[in-house]
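Student: Build the full structure now, drawing on both the sequences and the hints.
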Amino acid sequence: MLCGRLDRHPRQLIPARSRLPHGEQVDLFVSNVEKEFGSVARVVSADAVPGAVADYLAAQNLAGKLVMAPHPELRAIDWSSRPLLEIREGRAEGSDMVSVQHGFAAIAETGTLMFPSAAERPTTLNILTDTEIVVLRASRVVGAYEEAWDLLRSEIGAMPRNVMLVTGPSRSADIEQALELGAHGPRRLHVVLIEDAGSSEGPT
Amino acid sequence: MHVATSSAFKENAHRALADTGLQRALARSGSSFIARRAAAVAALPEFEQLRDTARDIKNHTLGNLDFYLEAYEAKVLAAGGQVHWCADAEAARTAVLEICENAGARTVTKGKSMIGEEIAINEHLERHGIEPVETDLGEYIIQLRHELPSHIIAPAFHLNMEDWEEAFRKSHTDLPADRVFAERRDILTEARGKLRSRFLAADVGITGANFLIAETGSSVIVTNEGNGDLTQTLPRVHIVLASIEKIVPTIEDCMSLLRVLARSATGQDFSVYTTFSTGARRAGDLDGPEEYHVVLLDNGRSAMIGSEFQDMLRCIRCAACMNHCPVYGAVGGHAYGWVYPGPMGAVLTPGLIGVEQAGHLPNASTFCGKCESVCPVRIPLPKLMRHWREREFERHLTPAAVRWNLRLWGFVARRPLLYRMVTRAAVLGLGWLGRKRGRFSRMPFAGGWTEVRDLPAPEGDTFFARYAREQRSRPLS
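Those protein sequence lines, which keep their order, are chains L and X. The first sequence lines up with residues 1 to 204 when you count with our numbering. The second sequence lines up with residues 1 to 477 when you count with our numbering.
Be careful, since some hints might not be right.
Quick list of the computed label-pair ranges, beta carbon to beta carbon [stated by the list, open to error]:
hint	chain 1	residue 1	chain 2	residue 2	range
1	X	R185	L	R153	53 to 63 Å
2	L	P83	X	R106	26 to 36 Å
3	L	M97	X	V180	17 to 27 Å
4	X	A38	L	R153	52 to 62 Å
Some residues of chain X that are not near chain L, with every Cβ distance over 10 Å (derived) [what the hints assert, rightly or not]:
hint	residue
5	A18
6	Q143
7	L195
8	A303
9	G306
10	G429
11	R442
12	P456
Please keep in mind that the hints were generated in silico from the structure rather than gathered at the bench. Heads up, the beta-carbon is just placed ideally off N, CA and C, and yes, glycines get one too.
Tutor: Shown next as structure tokens:
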């Protein structure tokens, strides 16, 4: 009986707030990211990603030097359209200031990004740089955490070494219980959201 | 082992009440936690149902703890990790030291871990020539000041801005004298800069665990700063310190508990970083530790299974109970004298270090019930404190005067007629004596009470007498 419960991993109560048509789930995700002090740029296609990244860095007055996840979806993007972006693929090192990470899935309920570790999605890109930019397809936005785990179970299978759920940039309230952004992890979290076909197909 | 001063709670409390810095910190921080939790709860209509769900998941797990712990261990092993079963703090310290020594460790970074405090791992590592570096901002300054945390999720709850500046100027010897700490941001930036090189240089990273998942063999940590992730990702070896009751069956169960954890703790909908770690670095991975160890501590917990204190093992360490406690709010965490303060500490501490040492803690409660009313897993904290008071009485640990008075009261209370006569005589007598001033500023045998406030003189009659009178005068219908 107990083994059965582990195998079935039944869902418990899921709050109603994310039980929405997909388009509204994407909107809820965006507003929750912004509520948690992250930012979102919505772009119409993958071709627009390099421009969105370059514009964001320029607006923040940051250098266009990136360490990028060696993920096929990011590699497929034509980054040469923005020749001033200097891109290295791999894990982050202590000297890297800006990372570009691949968003596996995202959860509307609380504006949370899911990053399962893999050779093409190194964990250090989530935590070691000053600024993390996440490239996410809108079709990968789900309502509740449980739905993101279902995607992970069906597409990856066994539990990856590390799965991070990230909600906004790093912060601390340890000094006089007042919130300050920019503790040990990234000071900025920016999502470039590609409005791919999946998101517009959803019932509205 | 930290020397517990719980037996000196009264003296500790007196000192705390006279500590102006502490009182300023308590006044500032207490209400903000309460307001933030209330706002988060109000924004989630299902919150009360989720509390029931959370309680039921924990009860189910505790009822089958042996099964889930064994299932968990099998999954950790399958993912290339190791589980070190430790009956007590000594065994856990030995296990951690051995892993560190095998790794040739010189420095160890640490994420926040209450189990680390419980087994006093820092002192043990230092004694053996290994430097532990606390990386949670609150824990970092606590380490600089050689103190214990005063709160389970906000270790530096008792400190003010000037304390931070003072500790940094004393410890960061390279700090220029003209460096300004005008804002909290300046403190944060200094700590971030200092700890960055420690993260990158550490040989071993030690974290706690908010949950362990039997289904996958994962350990879960929840942080806002990201220090826990840097701690467990960058060094070659990751050690997880966890106690046995942290286990939950599945990922879904864990998510249900996470839905009530952050809301109850900081009033956030969700913490910034919620991270599931499962075993060591996989083939092809570009980062992550090469070794993954779980040091699994019992330290008296399994003895609570099946006892009247089993409900306490549901605790998910959110700190809502202490944030809402009038006693904690008056004296702060250090007065409790050991690792766990507040209502949850008043129940857990006697279980872990003995009621002989910690008997004062379950007595330091007004039984207002606020703690139980906000507990996300519905632990009946006042009831459990009452059980400790009974144990204390049974074992003759209560002072003689208290015992005699309780016995006398018990004798009278078991004889209703006598009880009514005695209470009525007292009420009428005191009412007559105090008929002019309406209050007493001194009272024999109650000096401790009247020393700091007046006792109002009773007016009228006892409740019983009045009730009987009104029953008689009620017209028959």
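Student: State for each hint whether it applies.
Tutor: Hints and how they fare:
1. For R185 of chain X and R153 of chain L, the Cβ-Cβ distance of about 41 Å falls outside the hinted range of 53 to 63 Å, so the restraint is violated.
2. Checked against the given bound of 26 to 36 Å, the beta carbons of P83 of chain L and R106 of chain X, roughly 45 Å apart, lie outside it.
3. For the hinted restraint 17 to 27 Å between M97 of chain L and V180 of chain X, the CB-CB distance of approximately 25 Å keeps it satisfied.
4. The hinted range of 52 to 62 Å is not satisfied by A38 of chain X and R153 of chain L, whose Cβ atoms lie roughly 36 Å apart.
5. Every beta carbon of chain L lies more than 10 Å from that of A18 of chain X, the smallest distance being close to 21 Å; the non-interface claim holds.
6. With a least CB separation of 13 Å from chain L, Q143 of chain X remains clear of the 10 Å interface cut-off, as annotated.
7. For L195 of chain X, the condition that its CB be more than 10 Å from all CB atoms of chain L is violated, with the nearest at approximately 7 Å.
8. Every C-beta of chain L lies more than 10 Å from that of A303 of chain X, the closest at about 23 Å, which supports listing it as non-interface.
9. The non-interface label for G306 of chain X is consistent with chain L: the shortest C-beta to C-beta separation is roughly 18 Å, beyond 10 Å.
10. The Cβ of G429 of chain X sits about 50 Å from the closest Cβ of chain L, beyond the 10 Å cut-off, so the non-interface label holds.
11. Residue-level check passed: R442 of chain X sits 41 Å from the nearest beta carbon of chain L, beyond 10 Å.
12. P456 of chain X, annotated as away from the interface, keeps every beta carbon of chain L farther than 10 Å; the closest lies near 37 Å.
Hint compliance for this structure: hints 1, 2, 4 and 7 are broken, all remaining hints hold.
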